[in-house]
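S.K.: Sequence:
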Amino acid sequence: LLQLGTPASISRIRLASTNVRSVRLEGCSEENPVNFHVLSERDLDEKSGRLQNQDFDVDPSPSPARFVKVLINSGWHDFCSIHKVVVE
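Be aware that the sequence shown starts at 48, since it is given in my numbering, and climbs by one per residue.
Simulated from the structure, these hints should not be mistaken for lab results. Errors might be hidden in some of the hints.
Below are the EDC-like pairs computed for lysine to aspartate or glutamate, each with C-alpha atoms no more than 16 Å apart in a straight line [to be verified]:
id	residue 1	residue 2
1	K94	D125
2	K131	E77
3	K116	E77
4	K116	E78
5	K116	E135
6	K131	D106
7	K116	D92
Could you put the whole structure together from the sequences, leaning on the hints where they help?
M.R.: What follows is the structure in structure tokens.
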């Protein structure tokens, strides 16, 4: 769960990860991170432990987001990791 410094309209999220098979990105525009909506969901290719760099284009929501949640639904191996999240 990431809290943005200021509420912002999100157009793209860049994610660097390893061994992630399926990921979902969610956003919340409320003061408290309670009600999230899906921004993007995707299956990633296996890279044999190498870095998976992925850009997720996001449809603009009517209200600026305050929080972004990254959910790993499944992995290619026992351990997955998120190295970097960039919200644009």
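S.K.: For every hint, state whether the structure bears it out.
M.R.: Hints and how they fare:
The suggested pairing of K94 with D125 holds, with an alpha-carbon distance near 14 Å, which does not exceed 16 Å. A hinted pair counts as satisfied when its Cα atoms are at most 16 Å apart, and K131 with E77 does not qualify at roughly 24 Å. Between K116 and E77, the direct Cα distance comes to roughly 13 Å. Compliance with the 16 Å bound is thereby established for this hinted pair. Taken as a hint, the K116 and E78 pair is honoured in the structure, with Cα atoms around 15 Å apart against an allowance of 16 Å.
At most 16 Å may separate the alpha-carbon atoms for a hinted pair to count; K116 and E135 meet this at roughly 14 Å. A threshold of 16 Å between alpha carbons decides the hint, and for K131 with D106 the separation of about 21 Å lies outside it, so the pair is violated. Taken as a hint, the K116 and D92 pair is broken in the structure, with Cα atoms around 21 Å apart against an allowance of 16 Å.
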